[in-house]
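Colleague: Produce the entire structure from the sequences given, and follow the hints as far as they go.
The sequence shown begins at 11 in the numbering used here and counts up by one.
Hints are computed from structural coordinates only; laboratory data are not their basis.
Quick caveat, the model's predicted, so the values are computed rather than measured.
Incorrect hints may appear among the rest.
[Stated by the list, open to error] Label pairs and their calculated CB-CB ranges:
#, residue 1, residue 2, range
1, A79, G99, 31 to 39 Å
2, M25, S72, 16 to 24 Å
3, R97, R43, 12 to 20 Å
4, G51, R126, 39 to 47 Å
5, E102, R39, 17 to 25 Å
6, R67, A45, 20 to 28 Å
7, R90, S29, 19 to 27 Å
8, A22, V98, 12 to 20 Å
9, A121, A22, 13 to 21 Å
Cβ atoms here follow ideal geometry from the backbone N, Cα and C, with glycine treated the same way.
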Amino acid sequence: MTLTGSSGGPLALGMLSTSPTIRRSRAARNGIRLAMRLSEGTEVVRIRIYRKTSSGRRLLSSGFKSPGASGLYRVSQNHRALRRALRVGRYEVEVTPGASRSDLGTTSRYAFRVVR
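Modeller: Rendered as structure tokens:
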């Protein structure tokens, strides 16, 4: 029996970035733009955005994207509910690449702030 698909270890991002500081007016207009480097074999990417609070984190947005190919991948999280929820404060984006929605790899995190 031959297994195909996974190349051994879990998938991981080579890079994840966004602006460390984003103005509220720009976030309300454009949402959050992310850049990441995807490894070979990545078919889906789960993106979650949390607001950091004194008691932990509160989930604002969660969803899956299907990138066309490995390598540099840029995406905007700009749906209306997220744009309205982005207030002045501290946030964290969490991105997990995977071979499928149920077979996810290593999660990467990036913190950013929304300012006046």
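Colleague: Run every hint past the structure and note whether it holds.
Modeller: Results of checking the hints against the structure:
Checked against the given bound of 31 to 39 Å, the beta carbons of A79 and G99, roughly 35 Å apart, stay inside it. A C-beta distance of roughly 21 Å is found between M25 and S72, which places it inside the suggested range of 16 to 24 Å. A hinted range of 12 to 20 Å holds for the C-beta pair R97 and R43, which are about 18 Å apart. At about 42 Å, the beta-carbon gap between G51 and R126 stays in the expected band of 39 to 47 Å.
Checked against the hint of 17 to 25 Å, the C-beta distance between E102 and R39 comes to roughly 21 Å, which is consistent with it. The hinted window of 20 to 28 Å between R67 and A45 holds, with their beta carbons roughly 22 Å apart. Separation of R90 from S29 is about 21 Å and conforms to the stated range, judged on CB atoms against 19 to 27 Å. Between A22 and V98 the beta carbon distance is about 32 Å. The supplied range of 12 to 20 Å is therefore violated.
Against the hinted window of 13 to 21 Å, the Cβ-Cβ separation of A121 and A22 comes to about 19 Å, which satisfies the hint.
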